[in-house]
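Quick mapping for you: the protein sequence lines, in order, are chains Z and X.
Every number in our numbering is 16 more than the matching position in the first sequence, counting from 1.
Every number in our numbering is 16 more than the matching position in the second sequence, counting from 1.
Take these hints with a grain of salt, some might be off.
If several chains are the same, the list does not tell them apart, and a pair holds so long as it fits within one copy or across any two.
Below are the SDA-like pairs computed for lysine to any residue, each with C-alpha atoms no more than 25 Å apart in a straight line [what the hints assert, rightly or not]: (1) Lys552 to Ala390; (2) Lys296 to Ser487; (3) Lys513 to Arg287; (4) Lys502 to Val583; (5) Lys502 to Glu586; (6) Lys513 to Ala157; (7) Lys513 to Ala341; (8) Lys513 to Gly340.
Treat the hints as calculated values from the structure; they're not laboratory data.
Protein chains: 2
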Amino acid sequence: MTGYAAPVRDIRFLLCDLLDVSQQLPGADLSSDIIDPILEAAATFSREVISPLNRSGDEAGCSMPAPGEVRTPAGFREAYQQYCEAGWTSMGCATEDGGQDMPFVLHGLVAEIFSGANMAWTSYPGMSNAAYICLAANGDAQQRKLYLPRIASGQWAGTMCLTEPHAGTDLGLLRTRAVPNMNGSFDLTGTKIFISGGEQDLTENIVHLVLARLPDAPSGTKGISLFVVPKFLHDDDGHLLERNPVTCGSIEHKMGIRANSTCTMNFDGARGWLVGEAGKGLAAMFVMMNHARLGVGISALGQMQAAYQKALAYAEERRQGRAGAGGLGAGPDAIIRHADVRRMLLVQKAYVEGSRALIAWASLQHDLAHRGDAEAGERLALVTPIVKAFVSDCAVECTSLAIQVFGGHGFIRETGVEQHLRDARIIPLYEGANGIQAMDLLGRKVLMDGGERLRLLARDIAGFIEQESGSEQLRPLLSELGSAAKTLDMVTRQIAKSAASDPDLVGSVAVPYLRLCGHVCLAWMWARMAAVGHAKAGSEDPVYADKIATARFYFACLLPEVRSLAVQIEAGSAPVIAVALSHSNH
Amino acid sequence: MTGYAAPVRDIRFLLCDLLDVSQQLPGADLSSDIIDPILEAAATFSREVISPLNRSGDEAGCSMPAPGEVRTPAGFREAYQQYCEAGWTSMGCATEDGGQDMPFVLHGLVAEIFSGANMAWTSYPGMSNAAYICLAANGDAQQRKLYLPRIASGQWAGTMCLTEPHAGTDLGLLRTRAVPNMNGSFDLTGTKIFISGGEQDLTENIVHLVLARLPDAPSGTKGISLFVVPKFLHDDDGHLLERNPVTCGSIEHKMGIRANSTCTMNFDGARGWLVGEAGKGLAAMFVMMNHARLGVGISALGQMQAAYQKALAYAEERRQGRAGAGGLGAGPDAIIRHADVRRMLLVQKAYVEGSRALIAWASLQHDLAHRGDAEAGERLALVTPIVKAFVSDCAVECTSLAIQVFGGHGFIRETGVEQHLRDARIIPLYEGANGIQAMDLLGRKVLMDGGERLRLLARDIAGFIEQESGSEQLRPLLSELGSAAKTLDMVTRQIAKSAASDPDLVGSVAVPYLRLCGHVCLAWMWARMAAVGHAKAGSEDPVYADKIATARFYFACLLPEVRSLAVQIEAGSAPVIAVALSHSNH
């Protein structure tokens, strides 16, 4: 089995051919001279340093050699040091913090490369990056000066401490208390669970961002404030002082990402400082959360890509049976010649490359929004839950299909492909479960603004169809794309009409609604990629013909799901509510 | 978390209300007086003996304390002895072998109970049962007399040795050689992989049924013969003699069913005897294989049921957020009140109970066929690949949904729900991968007999619709059922027209075709269950109203997949074949 190969060619297609980012983001140096060496360096690091640690890390998992201490698997620490030294931790950080201020459209796709090679390992710097974003947006000048450069360099790590045993989706229930001291600091007491990287042996200090309640805070979400709580206290120059009483009580034994420590963190009067305004903790966290949702969508893409490339290589090597028209006739054929195996590979390919295009486009909206383009910000807000939930659902489906390509060998740990399903399976669960993403999309992003954002997307799609309407070759795809967009418009109107009088409607249909939106987005992306392919007809680079053929597969075999989703949505809440579900009925 | 609760109420509904098995199988004593104590005893054994070993067995896995020896997890051996003593191993065996000759419609549903409680453990006696069936059908009088009673009692175990490293789906490639001795025995040499229970510490002897080639055998499947190779040689009275050189070289480390030993078996001139005719080994094995395919469909149902009941119990306990119309208003609601959680539970419920009905019906066809009903045999042949592949695909989907109901807690091993996905994930892979089932269905069962079997099913469904046509309440369901059946008929005609001229067509569309057939079968079962529900209107037993409401959910939210499947099938082979899939393109 060959090692992880970063999808550099496809990333270049997206940045240069599909999105033309150097045109879209003038001033940001995104020429090939800049992009290519970065992608090649990421490919080399992922292939040579972290991919070899993926299976050994999964087998070993994290351990607790002594109370409160967490040991990451062999090689993780050395890889982390190399990663910091190469400057990867600061890719997206501001230049004033020692970072490279790289546009997210490039940073995000580089993150896919690392995550595809080793999701558990990549989650350590990934969480620090989320903490960086949260502190950059909400910290005061002193906090920013103290923490941001140290997180950017990778010297210190960051975590997000939200969940408590009885408070997951419903953070309004959280109980961790923050009691003010005379000197402006606070003492935090409580228990947080599922804290990724809450303890590890990679960095000299860990900066915990913690949601907690002040003594006089109201109940519910309005009483939640954000605090920064370092593992080691420090002076104003960042020199480490004594240990703060925030300790890891235990680590979880998980289905996947076993090499990433998932910690129960006990705050026993741990010293912390308020970040942003009291009572605005949840809002402060959400700046980071939305970005983290894109981030976990990217990691889902990474797992799909990694599993797909394993399945593709296996299908080219493994010989069983005689294929149909594609068979060679003498002796068993490589299973890639069997139509059913091709179908499984194509489902993966279409979701992988379609999702990557959607993520690249969404990342570009992020960069445009940072430059003041308000509409880009609205587009990003709309597709963020789609990227998180649709792509992670596809990752579960596609990593499972990759196992299927391997037959019985896929079930054996040594083969390495089953790990991708186990690792990917967390993505629909964390950073807001996918059902929550669906309600965010339908309830908040679509219905609460009267469908304004959705009309923006519809106009984008209609504009594209109009622009390409002269293309004879694209016509069948454009027709299907238009029809899917029309279906989305129709079901949205139906839901909007009934949602006020039926309080169960949004919850009943949100998940199929999000999937329908995901397909409309992917159909748009595949039609755009096919358009690029046709524009480059005659090129010797096989990527262009490949995009046209894969788009055709997507439209023929995956997009039709839209029809059944529409019927499900039209059924409304009644079938979901009518059954008297009860355990005691059994 | 409560322990495993066998779905006794639903099984009784199927046997008594839906299928009326005591009427259908006159002479077989299937009255409530007989059925109820058997189901209760199975429920007790599963809850008290093997369910408690499920997670500990998964954590420990199997080990090799010395070369060639396999140790099963703590408690497995004692549980197996109890199981044998209670007579469960001989449920389906002939009375002349000391068995109880129980109809499969009951035996199969009892098997679900054990498999749901502990799939890895249940696979040990499950493989023995498969070996029993194979030997009963193909062994000579002496082999039958020697082996069948010992396997029926559980004293000896059986295995099926088919796969070799380079020969999985394509058994024609197998290389294991059998060289005849002067005394009528054969010496077998070769390596078999993925042998479930190939070595274990549960039984005093293991009877391996092995596919191998005679020296003068032609290549391909026609050169394959079946042999019986005992672990310990024995005299004609079954007294154990010396060890036969068939040894376990290693055990696999797997994603799931970790407590079931999956062995590489080395045959180093191991003594064996021919079973049935030379060169007819594959046909002899297929008697058992078809039954084993029903069996693994049943184990898939068991995993869905087990995961579903965990998710249901958790959803009733866990409180987060405020629900819609179903909410109680004060404080967080149990998540079962949230529409999206209900939807996830209902998908599971509809697939679990629909699959159970289909399996019970198929099992009844098995019993009727054994009584000489040729049409029942044709019905069984048709739905066997559907039971295997459709139900196992549903099991992967539904066990994953059960994890989703738990949110982040579902990813933690201690919760126990993620094990069901890991265990269930093997079912689409073994006993003929699901793609092979789909090709068996479409190629062999439908096209090769000119659609005769499918017309039998269509007549069954049309007869049911006709019979219930007076029911106002059933009308919407009957209309949808008729429409799904018509879609199946239409796509079958299209495929039949083009298959001869397009050698890739069957492979390209077989998987969505099987899924479409699965939905037609489930729609028929749900409509029948709803019909029973309406017939029992006014009963105090909530199961009847529950079936009506769940049928409505199935028709509204799951059956619509038929529409997208039909479009995918109509697209034919072109989109699947057109892409130049290659690893080197990346």
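### Query
Which earlier hints turn out false for this structure, listed by number in ascending order?
Hints 1, 2, 3, 6 are the ones this structure does not satisfy, whereas the remaining hints hold.
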